[in-house]
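Those protein sequences? They're chains A, B, C, D, E and F, same order as listed. The numbers in the UniProt record's numbering rise by one with no breaks, and the one at position 105 of the first sequence is 105. The numbers in the UniProt record's numbering rise by one with no breaks, and the one at position 186 of the second sequence is 186. The numbers in the UniProt record's numbering rise by one with no breaks, and the one at position 45 of the third sequence is 45. The numbers in the UniProt record's numbering rise by one with no breaks, and the one at position 17 of the fourth sequence is 17. The numbers in the UniProt record's numbering rise by one with no breaks, and the one at position 112 of the fifth sequence is 112. The numbers in the UniProt record's numbering rise by one with no breaks, and the one at position 120 of the sixth sequence is 120.
None of these hints come from the bench; they were simulated from the model. Among the hints, erroneous ones may be present.
Repeated chains share a single entry, so a pair holds when one copy, or any two copies, can fit it.
[Stated by the list, open to error] List of simulated lysine to any residue pairs, SDA-like, C-alpha gap at most 25 Å:
1) Lys244 <-> Asp171
2) Lys212 <-> Pro127
3) Lys195 <-> Pro17
4) Lys195 <-> Lys244
5) Lys212 <-> Asp166
6) Lys13 <-> Glu274
7) Lys198 <-> His250
8) Lys13 <-> Thr254
9) Lys244 <-> Glu82
There are 6 protein chains.
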Amino acid sequence: MFFHRQELQHKAKPDAPDAVYARKLQEVLGGQYGEITVALQYQFQGWNMHMPGKYRDLVFGIGAEEMGHVEMLAVMIAQLLEKSPLGITDEAVQKDPTVAAVIGGTDIQHGIVAGAGARPVDSMGNPWSGSYITASGNLLADFTANANAEMQGRLQVARLYHMTDDHGVRDLLGFLLARDTMHQNQWLAAAEELKAEKIEELPVPSNFPLSKEERDVSYQYLNFSDGAAASEGSWASGPTPDGKGEFTYHDGPTTTAPYPGPTHPDARFYGTTEVPNRIEKIAGAAQDMFHKE
Amino acid sequence: MFFHRQELQHKAKPDAPDAVYARKLQEVLGGQYGEITVALQYQFQGWNMHMPGKYRDLVFGIGAEEMGHVEMLAVMIAQLLEKSPLGITDEAVQKDPTVAAVIGGTDIQHGIVAGAGARPVDSMGNPWSGSYITASGNLLADFTANANAEMQGRLQVARLYHMTDDHGVRDLLGFLLARDTMHQNQWLAAAEELKAEKIEELPVPSNFPLSKEERDVSYQYLNFSDGAAASEGSWASGPTPDGKGEFTYHDGPTTTAPYPGPTHPDARFYGTTEVPNRIEKIAGAAQDMFHKE
Amino acid sequence: MFFHRQELQHKAKPDAPDAVYARKLQEVLGGQYGEITVALQYQFQGWNMHMPGKYRDLVFGIGAEEMGHVEMLAVMIAQLLEKSPLGITDEAVQKDPTVAAVIGGTDIQHGIVAGAGARPVDSMGNPWSGSYITASGNLLADFTANANAEMQGRLQVARLYHMTDDHGVRDLLGFLLARDTMHQNQWLAAAEELKAEKIEELPVPSNFPLSKEERDVSYQYLNFSDGAAASEGSWASGPTPDGKGEFTYHDGPTTTAPYPGPTHPDARFYGTTEVPNRIEKIAGAAQDMFHKE
Amino acid sequence: MFFHRQELQHKAKPDAPDAVYARKLQEVLGGQYGEITVALQYQFQGWNMHMPGKYRDLVFGIGAEEMGHVEMLAVMIAQLLEKSPLGITDEAVQKDPTVAAVIGGTDIQHGIVAGAGARPVDSMGNPWSGSYITASGNLLADFTANANAEMQGRLQVARLYHMTDDHGVRDLLGFLLARDTMHQNQWLAAAEELKAEKIEELPVPSNFPLSKEERDVSYQYLNFSDGAAASEGSWASGPTPDGKGEFTYHDGPTTTAPYPGPTHPDARFYGTTEVPNRIEKIAGAAQDMFHKE
Amino acid sequence: MFFHRQELQHKAKPDAPDAVYARKLQEVLGGQYGEITVALQYQFQGWNMHMPGKYRDLVFGIGAEEMGHVEMLAVMIAQLLEKSPLGITDEAVQKDPTVAAVIGGTDIQHGIVAGAGARPVDSMGNPWSGSYITASGNLLADFTANANAEMQGRLQVARLYHMTDDHGVRDLLGFLLARDTMHQNQWLAAAEELKAEKIEELPVPSNFPLSKEERDVSYQYLNFSDGAAASEGSWASGPTPDGKGEFTYHDGPTTTAPYPGPTHPDARFYGTTEVPNRIEKIAGAAQDMFHKE
Amino acid sequence: MFFHRQELQHKAKPDAPDAVYARKLQEVLGGQYGEITVALQYQFQGWNMHMPGKYRDLVFGIGAEEMGHVEMLAVMIAQLLEKSPLGITDEAVQKDPTVAAVIGGTDIQHGIVAGAGARPVDSMGNPWSGSYITASGNLLADFTANANAEMQGRLQVARLYHMTDDHGVRDLLGFLLARDTMHQNQWLAAAEELKAEKIEELPVPSNFPLSKEERDVSYQYLNFSDGAAASEGSWASGPTPDGKGEFTYHDGPTTTAPYPGPTHPDARFYGTTEVPNRIEKIAGAAQDMFHKE
């Protein structure tokens with residue numbers, strides 16, 4: 001169950017409206033790595049988790065906070081849009097180019113669709129999508145996904161910080177940056193804890209029987225490009241992070257197989273084949289396969 | 001530049017056709033974490049990279065290999081579809097329920113649209129989307145994204161392994177599992193190398209001035225759910241993975257701010273406000289703002 | 001701010017797993033009119049609302065409840081998937097057609113992607129989309145959208161009720177049906193209250209100056225099809241619901257205008273026009289328009 | 001069957017081209033609540049309708065008119081794009097900022113993709129989607145959806161009216177506003193008629209056996225936020241619009257249930273569980289479930 | 001303007017309901033090459049056309065017919081769904097596997113969302129998208145797009161023909177196949193007519209100044225794969241279809257250029273670069289570029 | 001298998017950065033007819049092809065070249081973004097309108113998401129979609145699709161050519177235009193070769209038994225609009241391109257059928273029907289259909 005309190009975790013009030021910046025801020029509300037993504041990602045991980053206790057408490061504990069971050073950004077955006085210009089004509093643009101610039105840089109649907117309100121979209125107007133979420137049931141994989149999400153998110157907030165000098169906006173971003181610092185650290189700590197407690201280890205999934213994978217190529221760096229420096233990295237020699245092998249370096253593939261022969265599906269798919277008289281073949285085909293003409 | 005060779009990295013030939021399994025295999029070809037995703041993700045990271053040398057060689061070296069993995073899965077799927085039934089009627093289904101089951105489990109577009117061929121979609125038929133890709137220009141963030149992609153991908157291949165007992169398919173999956181093992185290890189090694197070389201460190205992005213973030217809350221675990229075990233993890237006390245702080249645990253928020261007052265956008269957006277006589281207000285508004293009625 | 005409590009509003013426990021039904025239930029979790037839609041729709045309406053007080057309290061009060069409904073459905077789905085079959089082969093299908101049927105009817109990503117967990121998608125696997133949400137800032141319009149969402153939602157739950165005889169599932173659906181009854185009633189009551197308080201009225205938006213609309217056709221029923229009964233409804237004669245006019249009935253349009261002449265864009269768009277010598281025209285065009293060749 | 005006549009219902013000719021406004025106008029052509037949506041929504045409702053006569057005639061009668069509205073907007077947009085600038089360089093922008101502003105505000109695909117023509121997209125360039133449509137087969141729900149669509153549509157046209165002072169455009173918008181007034185009224189009248197004729201009533205669907213819903217909570221307002229004014233509305237006390245109950249007000253939930261225990265899916269999904277020795281468990285699992293390893 | 005007549009161009013009545021086939025038929029209603037696509041594609045081409053007369057009459061003349069084809073398929077689908085099973089439980093499936101098969105093969109939203117009605121989606125449930133449409137303003141390009149659409153469409157209908165033996169369905173498909181035959185022929189004839197009348201020719205767009213393209217490589221077949229037979233086709237030697245050149249064959253590229261050096265964007269994007277002391281660089285950067293820190 | 005070489009087919013270096021143009025160039029990288037589309041389209045055609053030899057070599061030979069074109073555009077875009085402004089404030093915009101114009105015209109995610117790098121999206125920010133691809137298995141249909149793709153692509157590049165006067169960009173576009181000239185010619189030559197070799201002919205698919213299509217209407221031009229010139233084209237009289245018929249011209253349909261009666265699905269879908277006492281009917285229905293209530 002969720003409970004809402006009409007209070008914010010941090011002040012979300014701009015010094016002044018700025019409709020162009022409002023659009024940019026949509027990225028961290030409704031983008032691939034915005035707050036809707038992390039809020040729902042952590043909650044889905046919780047709902048699907050097969051293990052009660054500290055790990056489930058962790059995803060629930062943060063998931064609800066992130067919902068509140070969605071809210072802070074939404075009310076911030078609504079305020080940034082407060083003076084969103086509506087009655088702008090082509091003439092007005094010619095008189096005052098700044099006005100036109102504002103128009104060019106705003107999310108048009110902020111005005112026409114939302115009446116100067118926030119929307120569940122990214123900075124280019126793409127609606128938020130359920131396909132942004134990762135919740136696989138394997139916690140080491142998912143906590144790595146979470147660490148990545150918090151890194152990408154903090155990176156985007158840092159870039160946004162330099163795109164405004166509104167103190168109210170920067171205050172909020174400074175707060176979000178700090179929380180992203182926390183969450184980055186937390187997911188990395190949680191991933192280490194999973195390994196320390198032998199709950200999961202590398203390679204993910206660790207309990208897939210290694211005998212079933214083709215171990216000959218499990219630690220080979222195969223260079224399919226022609227970069228001379230490819231062999232210099234720690235991925236080309238030395239022990240592997242999973243502690244189970246030794247990297248080796250190879251130019252190109254170490255294995256090859258001939259291309260399989262072409263397929264011959266039912267002639268009634270009307271695919272192009274080398275057979276010239278396919279209509280006759282179809283007549284024949286009609287005799288088999290469920291007695292259909 | 002890319003060059004294609006009509007050879008495969010590994011044999012991709014099923015023992016027998018299996019249209020139902022062909023659909024399942026689409027997940028690792030065209031899904032969120034399928035081979036198209038990693039192939040294009042690594043290449044976009046290369047094209048956008050601001051640093052020549054071993055890291056760029058690495059993403060190019062693997063990116064081209066992954067394009068070949070797309071190919072192996074596509075030709076495998078085409079062969080699995082070779083006996084894809086077409087001439088099935090309702091009667092046939094009633095006579096042989098197995099036939100109907102096959103129909104229920106297949107990707108219908110494999111037949112109608114592709115004529116028994118592979119498609120750039122996932123196992124539920126969603127087309128592959130450019131929004132699956134991550135290429136931010138920050139390598140520590142992106143290598144974490146890559147590690148996650150390889151973990152999720154290996155997890156999915158492992159699950160698919162148990163969904164068939166076709167030896168040809170399992171051979172190929174065993175090969176892909178090994179390559180995913182390699183790539184997981186490699187991205188983790190590369191992420192460590194970035195830190196060891198002081199190119200990037202935690203929190204990402206590490207060179208954002210910490211003075212601008214609200215450091216008071218940078219290492220606070222704030223529990224917005226009611227799980228009792230939330231405080232037991234390594235994310236609630238002790239040193240943080242970035243080496244710059246100490247975790248502390250708190251029940252709920254440590255900061256709050258009052259909800260901002262409602263916004264008052266231009267009356268001509270016709271939003272609902274508490275003002276009763278809004279038409280008059282609109283008449284007034286028409287006088288300002290670019291002299292529009 | 002949002003707070004999560006590890007408790008549910010209603011028991012969400014099926015009698016037995018049923019992976020086929022789990023997929024169907026996704027519709028009311030992540031479909032166009034599923035719980036994610038109403039949860040986020042009401043919250044966005046709240047964040048964008050220009051009027052504090054009872055109406056904003058209303059959307060916040062319900063929005064948080066709906067987040068809890070998402071949760072109940074998600075944990076229900078995860079339990080329905082508990083015995084989700086994984087190791088199914090073509091042979092197994094031939095031996096036991098029921099098994100195959102299960103495969104045909106399940107969401108394949110429930111297994112491969114989520115490891116037997118719920119996903120933010122509808123029953124056909126389409127990811128939830130931000131474009132499902134309506135939050136225009138005009139409350140009479142939005143409450144009508146909400147009433148529709150609750151009607152469509154209750155209709156879908158009612159249909160789902162008949163698709164299972166699992167008592168645990170039916171218990172939960174019976175609860176959701178009751179809450180949808182409440183929410184339907186509530187949004188209709190709120191819409192009436194807006195009108196009673198003269199905050200907004202018909203036609204929406206009511207304070208757009210009627211003098212600017214072409215009032216001649218504001219209450220004409222224009223029948224562009226040939227149905228004989230079209231004139232019998234209350235929409236073809238009598239007073240209009242907005243209390244400002246009288247319906248009249250007309251076969252086809254009462255106004256027409258000639259088709260405008262074709263456009264002549266810049267020749268460098270290479271559109272097809274009737275002019276034969278367009279290359280010369282392009283040479284000419286290069287002289288004007290920003291001095292470009 | 002549909003027949004096209006090369007005439008318009010209303011003049012659609014701008015005073016002058018305006019590529020920036022052309023983009024804005026796309027919202028009511030190809031947006032969530034644009035004319036394509038209502039045209040196809042009403043027609044799908046007709047094709048799916050289980051009842052011939054006046055209600056089906058109504059949806060067909062209006063559906064075809066809306067197709068003509070799509071056309072009027074498309075030809076208007078093509079004319080607004082007639083002088084769409086193509087040969088603009090960075091230098092040109094620096095000389096005349098107005099030019100640049102135009103570029104910033106236009107739909108780039110209007111030029112590059114459509115050669116100065118209209119497109120089936122909204123004002124932010126999102127392609128029109130079949131998921132915008134509602135046609136459930138339940139007419140009271142669907143007519144409520146239609147009323148909402150006409151309200152949102154009229155609201156957007158009203159906002160667009162203030163974004164231009166081109167008389168030709170405003171003439172057309174004044175006509176569309178009038179038709180939206182009509183259609184809003186008409187769907188509300190039709191919804192009332194359904195109830196008056198006892199064909200459908202509240203709550204939708206009205207013939208679901210109420211005994212199967214948990215009537216205890218059917219009229220409870222449960223406040224999951226902390227707004228003090230939540231109890232003041234007509235949704236918190238008094239008779240309910242469906243005439244079958246009495247609203248009551250409650251702070252928070254009136255029912256709760258414990259969180260269900262975690263699920264234990266097949267170990268071969270490689271989800272994270274508390275069991276340490278999962279590989280052994282997998283070996284065991286291989287013995288059951290379709291005899292797969 | 002469009003007018004609807006409650007009559008069909010051809011009988012659309014199945015012998016018997018078949019919910020599984022109803023789903024398949026969605027492909028040619030709402031798929032990439034379904035009837036919605038061609039109906040809207042031809043109409044958008046008409047609305048955007050810069051040339052009145054026979055070509056515009058052609059696209060309008062066919063566009064409206066295709067809207068009627070959408071209708072025939074929709075009412076056919078609704079009838080195929082008439083006995084769509086709703087009250088199916090897991091037990092029922094175990095008793096009668098055919099029932100389960102039906103469930104596996106149906107579009108689940110046909111029941112839950114549309115109440116046994118047609119939907120604007122393809123056979124895998126993806127909503128129809130505006131991105132399926134092509135209307136570029138260049139008629140030779142667009143008529144080629146149209147010819148392709150009619151070929152793909154006829155191919156899909158032909159495949160669907162073999163998937164049923166319902167005489168009513170086959171009658172309708174036989175009619176649609178004939179109309180696709182007509183439309184394929186017609187677009188090819190129209191494309192030839194454009195060339196014969198010197199309105200447009202190859203290569204499209206023909207009036208782009210050839211002097212501006214790098215003519216050295218305009219007719220070179222460059223083989224980036226290793227297929228031995230690549231040189232045998234009419235694309236590798238002999239005159240070119242545009243009548244302006246002669247094909248030549250080459251193994252791989254005939255031109256190459258060195259890879260450009262890496263980019264150095266503003267340090268405040270926090271991209272990874274080889275510079276170690278980037279924070280200092282950022283401090284410096286803050287001094288220029290619009291005086292931001 | 002694919003191999004990458006760190007070299008380009010043509011120089012891809014702009015004279016100067018231009019973030020606004022970078023966004024426009026995205027269209028031919030990641031749009032409906034951009035290079036990702038043709039690269040993957042040709043490769044999928046190859047993977048699905050049922051016929052080894054020159055035709056398969058052809059699609060593979062070009063497919064890999066197109067991947068290199070994606071690369072050239074991506075590195076060009078990254079360089080165009082090199083001076084992408086980040087630290088822009090509202091004040092800066094007011095001082096220098098050119099700055100604002102740049103903001104308005106750029107892809108906002110180029111900065112915030114990609115850190116001044118290319119993205120897999122079109123010029124309006126829509127992510128590339130697998131639904132752009134055509135690979136049906138019928139080569140005459142698919143080569144027509146390819147010819148169309150190259151025509152649309154060359155048209156877009158030609159338009160883009162006039163939108164810049166940067167010599168470096170124009171050099172690259174001149175090269176791409178030449179390759180599009182080649183590829184247009186090549187697909188048309190290949191389509192002719194298929195016909196010359198009697199592998200496939202018109203109408204596609206040519207081996208569908210013509211006796212099963214309703215030949216009466218196979219060559220009738222049916223004019224569903226009212227254009228007077230519709231009968232003048234070569235599509236209204238004379239021999240048909242497939243050599244199998246003669247065009248005839250008709251005003252409107254030559255066949256009609258009455259509208260089918262309404263459907264009567266299971267009452268438990270709660271669709272609206274003319275039956276007043278539907279609840280009783282439901283009670284009855286519960287008796288049949290799998291014994292469900």
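Checked hints:
With identical chains, the CA atoms of Lys244 and Asp171 are at most 25 Å apart between copies only, with a shortest distance of 22 Å across copies and 47 Å within one. In this assembly of identical chains, Lys212 and Pro127 lie within 25 Å of each other by CA distance neither inside one copy nor across copies; the values are 42 Å within and 31 Å between. Within a single copy, Lys195 and Pro17 get their C-alpha atoms no closer than 48 Å, and across copies no closer than 31 Å, so neither meets the 25 Å cut-off. For a Cα distance limit of 25 Å, the shortest separation of Lys195 from Lys244 qualifies both inside one copy, at 14 Å, and across copies, at 22 Å.
Within a single copy, Lys212 and Asp166 get their C-alpha atoms only as close as 58 Å, which misses the 25 Å cut-off; across copies the closest is 14 Å, which meets it. In this assembly of identical chains, the alpha carbons of Lys13 and Glu274 lie at most 25 Å apart only when taken from different copies (21 Å versus 70 Å within one copy). Taking the shortest alpha-carbon separations for Lys198 and His250, neither the intra-copy value of 33 Å nor the inter-copy value of 27 Å comes in at or below 25 Å. Taking the shortest Cα distances, Lys13 and Thr254 sit within 25 Å of each other only across copies (19 Å), while inside one copy they are farther apart (59 Å).
In this assembly of identical chains, Lys244 and Glu82 lie within 25 Å of each other by CA distance neither inside one copy nor across copies; the values are 59 Å within and 33 Å between.
In this structure, the hints that do not hold are numbers 2, 3, 7, 9, in rising order.
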